[in-house]
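**Q** Sequence:
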Amino acid sequence: MIEVEIVGVRIELPSNQPLVLLREMHGERHVPIWIGTPEASAIALAQQGVVPPRPMTHDLLIDVVESLGHSIISVNIVAVEDNIFYGQLQFDDGTVVSSRASDALALALRAKCRIWCADAVMDEAGVRITEHDEGEEAEPGPDVDEERELRRFREFLDDVEPEDFEG
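Residues in the sequence shown are numbered from 1 upward in steps of one, following full-length UniProt numbering.
The reader is advised that the hints may include incorrect statements.
Claimed, not checked - Here are the computed distance ranges between Cβ atoms for each label pair:
| no. | residue 1 | residue 2 | range |
| --- | --- | --- | --- |
| 1 | V50 | E81 | 13 to 21 Å |
| 2 | G94 | V127 | 18 to 26 Å |
| 3 | G69 | E12 | 18 to 26 Å |
| 4 | E81 | G27 | 17 to 25 Å |
| 5 | G36 | S67 | 31 to 39 Å |
| 6 | E28 | L60 | 32 to 40 Å |
| 7 | T37 | E5 | 36 to 44 Å |
To be verified - Straight-line alpha carbon distances no greater than 20 Å define the calculated EDC-like cross-link-like pairs of lysine to aspartate or glutamate that follow:
| no. | residue 1 | residue 2 |
| --- | --- | --- |
| 8 | K112 | D92 |
| 9 | K112 | E12 |
| 10 | K112 | D82 |
| 11 | K112 | E5 |
| 12 | K112 | E3 |
| 13 | K112 | D59 |
| 14 | K112 | E81 |
| 15 | K112 | E66 |
Think of the hints as simulated: they come from the structure by calculation, not from any bench. Glycine is no exception: its CB is placed at the ideal position from the N, C-alpha and C atoms.
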């Protein structure tokens, strides 16, 4: 398994289809996962630290898990078949529950747990976003690095289609 982080949620044009972009923690590959609008909103809200006045579905599930005395210790993206990504929730007592990848990622942000991607998924769906800019700093600070990553992701989106990830 390869540890990944969520770069962000974006809208792919011209289809207006939301996707979440994962990035290897110790590598160059990214995994774009097309998701539904409600899940995109749930992920984006959690990334921005927005706490709704009443718990939304993902917040409720975290509250239920914690109220039962457990926690989600990791989220795993375990498979991709026909452009459908499969996730799992790993609980502190060893229990594993199957999940849609998008829901698992929304829960991972709320549980503040690690996210792992199976090697086979990274090999099949991972893409390298190459550096196009000349003369950039050798070791940019966090704001510059995040802005550069966002720019590279937008360039990637200009040329990618969901069909690009079909077997």
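**Q** Now, for every hint given, state plainly whether the structure supports it.
**A** Consistency of the hints with the structure:
no., hint, in the structure
1, V50 <-> E81: 13 to 21 Å, "violated, 33 Å"
2, G94 <-> V127: 18 to 26 Å, "violated, 33 Å"
3, G69 <-> E12: 18 to 26 Å, "violated, 40 Å"
4, E81 <-> G27: 17 to 25 Å, "holds, 23 Å"
5, G36 <-> S67: 31 to 39 Å, "violated, 27 Å"
6, E28 <-> L60: 32 to 40 Å, "holds, 37 Å"
7, T37 <-> E5: 36 to 44 Å, "violated, 22 Å"
8, K112 <-> D92, "holds, 13 Å"
9, K112 <-> E12, "violated, 27 Å"
10, K112 <-> D82, "violated, 29 Å"
11, K112 <-> E5, "holds, 11 Å"
12, K112 <-> E3, "holds, 14 Å"
13, K112 <-> D59, "holds, 12 Å"
14, K112 <-> E81, "violated, 27 Å"
15, K112 <-> E66, "holds, 13 Å"
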